[in-house]
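Asks: Following the hints, put chain B in place on chain A, whose structure we already have.
So the sequence lines, in the order shown, correspond to chains A and B. Note that this note's numbering has the first sequence beginning at 1, numbered continuously upward. Note that this note's numbering has the second sequence beginning at 1, numbered continuously upward.
One or more hints might be untrue.
Said to hold, decoys possible - Stretch-level coverage of chain B by chain A, calculated; a stretch enters the list once three of its residues show a Cβ under 8 Å from a Cβ in chain A: (1) 62-71; (2) 90-97; (3) 102-108.
These aren't lab readings, by the way, just hints derived from the structure by calculation. Using N, Cα and C, we set each Cβ at its ideal position, and we do this for glycine too.
Listed here are the chains, written in short residue letters.
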Amino acid sequence: MIDPVFLAEAAVNGLLLGGVLALLALGLNLIFGVIDIVWIAYVDLVMICMYAVYFVVQVYGWPMWVGGLASVALGALLGIGVHVLIISPILGSAPVNQLLATGGLLFFLQSFATFLWSTDHRSVRLALPRLEILDMPISVARLIAFALSILAMLGLYLFLTRTYIGTAIRAVSQDREATALMGADPRRVYVVTSAVGGAMAGLAAALLILQYAVHPFFGAAFGPITFMICVLGGLGNMVGAFVASFILSEVIAVSGVIWSTEMGYVFAFVVFIVMIFVRPGGILARRG
Amino acid sequence: MLALTNVTAGYGAFTALWDVTLRVERGEAVAVVGPNGSGKTTLMRVISGLIAPRAGTLTFEGATLGGRPAYEIVGRGIAHVPEGRRIFPALSVADNLKMGAFLPAARKTFAESLARVFALFPALAERRPQRAGSLSGGEQQMLAIGRALMSRPRLILLDEPSMGLAPVMVLRLFDLIRRVREEGYTILVVEQNVRQVLKLVDRAYLLEVGRIKMEGRAAVLAEQDFIRKAYVGL
Numbered sequence: 001m002i003d004p005v006f007l008a009e010a011a012v013n014g015l016l017l018g019g020v021l022a023l024l025a026l027g028l029n030l031i032f033g034v035i036d037i038v039w040i041a042y043v044d045l046v047m048i049c050m051y052a053v054y055f056v057v058q059v060y061g062w063p064m065w066v067g068g069l070a071s072v073a074l075g076a077l078l079g080i081g082v083h084v085l086i087i088s089p090i091l092g093s094a095p096v097n098q099l100l101a102t103g104g105l106l107f108f109l110q111s112f113a114t115f116l117w118s119t120d121h122r123s124v125r126l127a128l129p130r131l132e133i134l135d136m137p138i139s140v141a142r143l144i145a146f147a148l149s150i151l152a153m154l155g156l157y158l159f160l161t162r163t164y165i166g167t168a169i170r171a172v173s174q175d176r177e178a179t180a181l182m183g184a185d186p187r188r189v190y191v192v193t194s195a196v197g198g199a200m201a202g203l204a205a206a207l208l209i210l211q212y213a214v215h216p217f218f219g220a221a222f223g224p225i226t227f228m229i230c231v232l233g234g235l236g237n238m239v240g241a242f243v244a245s246f247i248l249s250e251v252i253a254v255s256g257v258i259w260s261t262e263m264g265y266v267f268a269f270v271v272f273i274v275m276i277f278v279r280p281g282g283i284l285a286r287r288g
Numbered sequence: 001m002l003a004l005t006n007v008t009a010g011y012g013a014f015t016a017l018w019d020v021t022l023r024v025e026r027g028e029a030v031a032v033v034g035p036n037g038s039g040k041t042t043l044m045r046v047i048s049g050l051i052a053p054r055a056g057t058l059t060f061e062g063a064t065l066g067g068r069p070a071y072e073i074v075g076r077g078i079a080h081v082p083e084g085r086r087i088f089p090a091l092s093v094a095d096n097l098k099m100g101a102f103l104p105a106a107r108k109t110f111a112e113s114l115a116r117v118f119a120l121f122p123a124l125a126e127r128r129p130q131r132a133g134s135l136s137g138g139e140q141q142m143l144a145i146g147r148a149l150m151s152r153p154r155l156i157l158l159d160e161p162s163m164g165l166a167p168v169m170v171l172r173l174f175d176l177i178r179r180v181r182e183e184g185y186t187i188l189v190v191e192q193n194v195r196q197v198l199k200l201v202d203r204a205y206l207l208e209v210g211r212i213k214m215e216g217r218a219a220v221l222a223e224q225d226f227i228r229k230a231y232v233g234l
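Just chain A, with the same shape it has in the complex (with noise of 0.2 Å):
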């Protein structure tokens, strides 16, 4: 039998990495629910900029905050890049050909990573210490890249819903034609969104190279999670995304000290793949 402490502690962490993957999951979905294109390549602009992060910090020098902000200043920019240069192009063409296009943009980000900086693992070394909370040691990194984390999809929440280019992002994959007619210009929409993903992207990279190393393949890593709990939480599916992060992050947490992290990514996917049988429109899918 294993200790509760150890299943709490695990429960705690599993909560901790829920935050940061719903980040993910959350501007992968935001750029997903407006312009209806998969960014395959994702996860690896967070590569890039978790590169970003650790020249600005452990090569150059310059305290954590600048990283982050030039992480987050870059990963706009890449968003906007990736979709006047990439999508913009091809938005009226087969499904199939957006695909392929971000898909090629991966091995292109990744191609170039192992090009320019090899494929050793590089991590941000700050000295952030671990906290005693009831017997339980946890993380300080962990805890500051959580609070960032929720912080962040509040702001999003309130930029969506408050602002009127937020409505207009929501309005422009419910109707391009009616939501031109509102004087808003549907292209610029498109690219605000991309930029709005695209920092997302560079805030979560900020956040995760405080618990992870990074290399050329970071994307391969957490790639395949952020997608399943988009597709888990319907794809578009915001709540949705933010709900399927923890029950994924939990399994994988609390099974990996059950068993071993091996078997977390195991469970995870059985759980997967049962409830796309179960509900596949998303956990929290309208029935009907």
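Replies: For chain B alone, coordinates are given in the frame of chain A:
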């Protein structure tokens, strides 16, 4: 106020409007009537910039419109209430109205515009937090008109406002459009419900297979044998 001169427009190889000349004066209500597929919706779309004209000129308050995109034309003071209402179904009633005031100039007068819309359509005020898609057809049409008013237009294009509504709702809707008119808006309306619309407007054009076949005072047109037999059903 609005003048179309020899406008030709269509989609791809298909030409839906041929050489249409039409004008609307400030404060007027004008109808375009005609059978299905006569080009009425295309006419509205070419005015609001959803499609570009192939030939001819469009001017509004002295400035040319032709070829400008829709998101710019609404800023000139023309609001288009499209066929089928085209509200944002998953947004709340309040957010639909907010989208209507998207333009910077309209944002400044948001509170005042909202009060005017709610005075015209009290049902919308009650349903503010509700999903727009859950409204009845008549309420959705009111929302679509209210949303257009939020942009502070001077000319309103109404495309088939009575489409899909129950007969009793059609009468109420025409009353509401009459009230919108009395507020001082200029209206260009496309309708299949010829009998009702001719009671509402000052002048009308008859559009058939993409060409203007007849034009004149609404009261005079309503008496034409040809129109009575074909569209009014008397």
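Asks: Decide, hint by hint, whether the structure agrees.
Replies: Now the hints, each set against the structure:
1. Look at the region 62-71 of chain B against chain A: 3 of its residues bring a Cβ nearer than 8 Å to a Cβ of that chain, three or more, so the hint holds.
2. Here's how the region 90-97 of chain B fares: 3 of its residues keep a CB closer than 8 Å to some CB of chain A, so the rule of at least three is met and the hint holds.
3. Coverage of the region 102-108 of chain B by chain A holds in this model, with 4 residues showing a Cβ closer than 8 Å to a Cβ of that chain against a need of three.
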